[in-house]
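If you read the sequences in order, they're chains A and B.
End of the first sequence = 333 in full-length UniProt numbering, gap-free, step of one.
End of the second sequence = 208 in full-length UniProt numbering, gap-free, step of one.
Please keep in mind that the hints were generated in silico from the structure rather than gathered at the bench.
A portion of the hints provided could be inaccurate.
On the chain A side, residues computed to face chain B include the following (Cβ under 10 Å) [claimed, not checked]:
no.: 1; residue: Leu84
no.: 2; residue: Met94
no.: 3; residue: Lys96
no.: 4; residue: Pro287
Here the structure is a predicted model, which is why all the values come from computation and not from measurement.
Quick reminder that beta carbons are idealized off the backbone N, C-alpha and C, glycines included.
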Amino acid sequence: MALTDRDHRLRAQVTPEALFHDRRRVLKALGLLGAGASLSPLAQAGLLDLFSTPAKADGRLPLPHAKPAAYQAALPLTPEEKVLGYNNYYEFGMGKGDPAKQAQGLVTEPWSLTIDGLVAKPLTLTVAELGQRFALEERIYRLRCVEAWSMVIPWLGFELNQLLALVEPLPTARYVAFETLYDPKQMPGQASSRIGGGLVYPYVEGLRLDEARHPLTLLALGLYGKQLAPQNGAPLRLVVPWKYGFKSIKAIVRIRLVASQPPTTWSQAAPNEYGFYANVNPAVDHPRWSQASERVIGPGGLLDIRRQPTLPFNGYADEVAELYQGMDLRQWF
Amino acid sequence: MVLERMKAIKLLLHLMCLAPLGWAWLHLVQGGFGADPVKELIHFGGRTTLQLLILTLSVSPLARGLHKPELIRVRRLLGLWCFAWACGHVTAYLLLELAGDGWLLLSEILRRPNLLLGAMAWLILLSLALTSNRWSQRRLGRAWQRLHWGVYAVAILAPWHYLWSVKSLSPEPWIYAGLLAGLLLWRVWRRWRRLNPAPCAAGPAGRR
């Protein structure tokens, strides 16, 4: 334990330099700096200011993992600093940069996850125990946000079905309900609707049991080879790559197996805009914008904007389309 | 003397309207718009447009309140800058969000109510900008005034466009909408007062 603490401290000390290079990479990526160009004193002052904010507490430890060939998609990855800096996580504010600034104080250790409801063997495990019990895999998945932007992220996690097998769902269980931590002291958006966008908290999500058991459905503990950062849903989040990003609930404390379709946060907030299924579907537009194409948040900078057609089920149709056979996806959006 | 002062005020206003561009550049270079600045840049352009619209519509209440009718002479300048920022906002959306796809821009405008509102507001501003010179004013005569009342439509369309473009309710669009509503209500109130003068003020000659 003491060793981990020291490790954290050491990491906290070395971060600024790493961050400095990160910032330079961001600027270069934006196309604002020529290679080898030096930063103006003004820009350097700004960079120094930034040292105090985001990644100071980023003591993300590396997680051992396998790299199964089936999931190493040959897609250009979204750079780590963009994954860490561009987040929708209203518990920490509605701006895309807010979570990276506001979430650093979130206490993610110790953290326990309860799995109960319609199961034969309800269970409470710590995240450390999860990491020991299940071998982590790196999986490169596309992420498609309902706001029509997308990323490609190397997650570290294990299949949710492994955990579900452990608790033995009863035959009456048909849905799985997920719940984020509720702690308004740590999550300012839960304490103030001005910060939290007026959503009802805790954030809840749900999947049909067959969706939850699908091998693509991941419980993630990390990304880019390391633990999750708080703004990405540390210490434990869901990743369902064929659904819009808001389905992939962050900072999970409870998983419940239930008989009927559980309420989900965004579909409660705006039922005509966000459905329970929320499968990525270029043919069904959001009432206020098109879902036919997406802006790619990739390695390119501001002078290299890319847009690509959105794929049915976010490119995972071969794997998951059969789950929805006979369903009108326009009605069950 | 007055002319000199007006020149100085105008120069100051030009600089003020240009300043957000410089600020945005510095903010961008310092990474202040975040890991992916596209959405922030578009919103920044839109908000600056709304701020200039508010400023433009504040000119006549200010001129009246301060008893400085000559202030009216800065209104065209502010209105044109408002249009310039609206163009920047649309350009940023086209180039950064839609990767320069003009057809996508058109189809999005036709199919999305919030974009349609924004496009209507931009078209009105365009027509006002094109006719903002003295020559058009003389040519159009009374029609010019009616055309330029179109700015009141923009004051309704633009904040509405902002309100509908954000994912969930946030306070900022409401602040802009409230300020613009206040400026419109002030005009309604003035007109109402002119058409319904207080009995003693009306005098024997009545109105007209």
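- Verify the interface restraint on A/Met94: the C-beta must sit less than 10 Å from at least one C-beta of chain B. Where the cut-off is 10 Å and the nearest Cβ of chain B is about 6 Å from A/Met94, the hint holds.
- Can we keep the A/Leu84 interface hint, with Cβ of chain B closer than 10 Å? holds, 7 Å
- Once the shortest beta carbon distance from A/Lys96 to chain B is found, is it less than 10 Å? Since chain B brings a Cβ to about 5 Å from A/Lys96, closer than 10 Å, the hint holds.
- Message: Given A/Pro287 as an interface hint, is its Cβ closer than 10 Å to any Cβ of chain B?
- Response: Check passed: Cβ of A/Pro287 comes within 8 Å of chain B, closer than 10 Å.
Hint compliance for this structure: every hint is met.
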